[in-house]
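J.: As given, the protein sequences belong to chains A and B, one line each in that order. Its first residue numbered 1, the first sequence is counted upward by one per residue in this note's numbering. Its first residue numbered 1001, the second sequence is counted upward by one per residue in this note's numbering.
Just so you know, the hints here were simulated from the structure itself, not pulled from any lab data. Cβ atoms here follow ideal geometry from the backbone N, Cα and C, with glycine treated the same way. Just so you know, nobody snuck in bad clues.
Cross-link-like lysine-lysine pairs, in silico, DSBU-like; alpha carbons within 30 Å at most:
(1) B:Lys1061 / B:Lys1509
(2) B:Lys1449 / B:Lys1287
(3) A:Lys94 / B:Lys1287
(4) A:Lys94 / B:Lys1367
(5) A:Lys94 / B:Lys1449
(6) B:Lys1449 / B:Lys1367
(7) B:Lys1287 / B:Lys1367
(8) B:Lys1388 / B:Lys1367
(9) B:Lys1511 / B:Lys1061
Now the stretches of chain B that chain A is said to cover, found in silico as 3 or more residues with beta-carbon under 8 Å:
(10) 1059 to 1066
(11) 1098 to 1108
(12) 1130 to 1138
(13) 1158 to 1165
(14) 1295 to 1301
(15) 1366 to 1372
Only part of the chain A face toward chain B is listed, based on derived beta-carbon distances under 10 Å:
(16) Leu8
(17) Cys34
(18) Ala35
(19) Tyr44
(20) Leu87
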Amino acid sequence: MSTRRFPLGFALTLLTGGSVGIAIARTPVEVFLCAELVTISAFYIFFTVIIPALRPLTVDTEGIFLGGVAKSPYVSPSELFSPGIPLISEDLDKTWELYYDRNKFRPKPREVSKKR
Amino acid sequence: MTSLALAPMMVLTASAVVSTIVGNRSIRLRNAVISCSFASAILVNTYFFITSLGGAFDYAKLGELTVNAASICISELVLILGFLGVIYSYSYIEERAETWAYYLLYQLFTAMMIGMVSSFNILVIYTFLEVSSVTSAVLVMFSRRRSSILAAYRYLALSIFGGVIIIGGIFYQYQLTHALNLADLSGLGQAEVNILSTLYLLGFGIKAGLLPFGPLWLPPAHSEAPIPIHTLLSAALVQVAAFDIARILGSTAITNNYVASLLLTVGLASMLAGSSYALVEAWFGSKYTRFHVGPRDIRGIKRVWAFSTISEVGYISTFLGLAGILASHGFGYEEALVLGFGGAMLHMYNHGLAKSQLLFDSGVMIKMGLAEDLNLMGGLSSRLSSMKISFTVGALSLGLLPGTFGVMTLRELVFNSGIPGLIRMVVIATAGISLVACLSVWFRAFFSKVEHDFDDHLSVPRSMYLPGLLAAGAMIVFGAYFTLEWVGFVSSGSGLTSALRILAETTIKTKAGL
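Next comes chain B alone, as it looks inside the complex (with noise of 0.2 Å):
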């Protein structure tokens, strides 16, 4: 019954080879087909996370491949976020002579990165990693432009670039340790420890899209890709390397200075770094944020939700760093690690549902206004009345104001009185800025005023509407509940503490506990 736990990976798989074959013969039984698979294994890894969380299922194994807690816990996300952008998807894509590599490539992409977080062996890791890239960077080209050719080949680049300095650090650590198990790190010395996690955070770093090498690939790819392929990149696949980092390095960052200072470093900067570039983007454009392949400049709005995703990405890493200097300063082992995991898997979902909901409607938004360009958008505000007000989710929670998801990590970094003072500044100045970004773009797509009239003939269908709906909702209520939570209308109990110990531990160890 436990190894059932692995079917997710196992169905999307299958299901892609299916849905091919089927498409040949009829669009609404691969449609069909791929709309279940995704449904049954949501199904079944939500059952598996509900009883992961509660203590009655601890972990399952197949070969090289281990599923806890923790791995179900970010399988459920790019499970949730795959299926809303599969439905997307549908009115998206066009139906052409090559639409069935689209989907193909799709389950493959979504089935690799679950199988990125469902294994504790390095080499396992790497492979589905170099295997997410390929299908992924194919997927990019997918937008049919030269531009997208250019940046699905620096996506390539960067990431073959990252997997020669995995596959170094894989190397290292087999000479040292005779093991590809992460868990044999701990029994090396200092000087070899903080070469191998220098290696594995540079490597996993290109991917995660932290500095320094991801606004090279990050921007130009991302915003290149068609817009469910966008979500998956920037909502899931970062968060799934950002949680590869914190497998990798976790237990090492808690109790070694120097990979926590290196994580938090990497964070912060990463943090201030890719929010500004956001705003600069959001304002004047690629004129002056450069990394951008196409054959003009522009005020992309894509862009400025890749390079807030470069951001984004910076919290998670700086919880990961924060954990082991809290360690070292009076916290508690527990409570770090609860601080910092739990912290960081929380901003995962913050991020991956608010971004996915703000690219969602501006996918809407280009299909209706007939431009990605900031400076032809604007005017859509009779158009998309309802957008208007739920696009602003998103921004909001992406300003970590109260009310929303971004609430639980206002809490964490700015109001946790153990926090440094110059940490809560970057994380307050960084929120401002992103909130000032997403409003920017808000505004001008929504009030400004354009030369031009409408298309009345343009229409958008319903699907394309309501992935973005949901993720809105699912962020109004968690984060009501998370702040009235916070201010004590409401109690959880220990159940989110013991919840967020159990996802901490599983990151780093098979099973909780241990």
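Okay, chain A solo, but in the shape it has when bound (with noise of 0.2 Å):
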């Protein structure tokens, strides 16, 4: 599995060892162990959406750093404020913000179905 993988991974492991553990559950402290374990991928998973979430819109680059080093080659903005989908490891997909907005709607239908 490779790093990028590794957080996905991680939560499905522990995901799927509670489920099945409290499926064969016998006595009340296993089951309150399988709970325990189903509960804290949740929160992990939770605390792995939530900072990605929140991050601004927009960030000025310039603003943060001094003397010309937020930029290539040095750092690039995309790479430093653009952490992608949390767990899914890929980028967003802008082409999804055509279908909601009326001036970008259809700029050229040839163009929009290959992005699709």
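Starting from two chains that each stand alone, build the complex the way the hints lay out.
T.: The structure is reproduced here in structure tokens:
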């Protein structure tokens, strides 16, 4: 498993372990143990999602970094402030924004088809 | 042999792992494994569904898992919708580096929903609820929009809040009874039962989308999810959560006026609020309905269905509360149980099929029109000529019109002489508002004019039309049968009543007739 997939793999292992365990648990202690495993993974995923969810929409890189280092080749703003989709580790799909925006709607039909 | 009844959940869990492994080599093989798993799970489940209604099968037990007629009935709905959704997903979900995770989580999510209805142990139910929350929250993010991350975060936050309330209830119950089984609630005093019922209704009510907390997470999370996930969340998960409410509070609701009144009040309020929100969303958009996480205000087609879900779960809660109210006002125990719990089961099927059909069709419309905002949609009549007719089936069924599956809810809640007038009025108003909201979406998407031309190169695969058509067909067949049975053209004898009695009894007990 690559390091990129590790967070999701870890959460899924906890979840599967807890849910399979609870199906075969015989005593209340075993049931509580499995419930605890699942609750931990729920919290883990919650905190993995909350940080990218609450990050600001736009960040003024120049305002934070002085001396012009917030520019290529030193650092790219997209690299710093676009953490991607939590757990799935893919980039956001900007094409979907077209589906909501009257100004951007159908710029060139073929272009849209290609992107999709 | 009877332990085979537990197989559907195991098959889907195993298939989640196997399909991920074979998916690395061949996508076709992966799809074949998933389809075969769902098909075999449905076959096994259907066999036990039929035998349990016929009285030949009572229940199967493994550890803390218990499968009986009522749980098999809800599992059947979950499996059918899961199968339709996965067929839809083959065309709808793009093949990318992380698609393996989508199908793995999809199958785990479906299996966990079956787990949620397969136990009488509150901690086991809670655990499956948590797993379903986590898997579905990650699936919501597969829309790959920033707003979907926000929606998943809100969904997880509310789920954890609900989970904490349930855990509070579990510890309180364990302190009182030293047991986690729901049957042990009956030995408690009135005050303890009232506190526990309130905690469980609040906790599971969040998941079911009931007021007061449902609107905070349900419209954003449902509308931001990919269509197959939205279908599972709207048509399956909320009903499973509502079934859990029935299972946990059922035996007390039928004898305890406080619990019955609580369920009835929450149900009626959710019905009216959900349908009104759906109408406002269809006419004016998120500027007035709020609970939106997207970058700009829209008139979201998927948001209309999300608000409508709150209303439909309200019907189920109303049915459950009504059972207790009627039992204390002259109805016999069994008659009230069949009307309340049997009616709730039928409405779960009505909502499940209608909502899935509307959502599957909406997905095709969104792909074809390249818009999710009703302000941008329109003119689809010429391009989706058959869908403009099939789409109305789900709309009419949610409007409870005769000839559709919704007729049973109409029959039980409006034309039943024992129902109080206020409830009848609320049901008629809710059905009317829901129908107008659905038809507004239909008119806007198919018949209103748009300024742009459609791209002739865009086409939608046939496998995306099929699930909606199958759901519409099922609604017509069952709707016609129920309508003809109501007016006396066909007779089901005591078959339907007997089946509903078994389902109602096994919701709150391991075995019918105990």
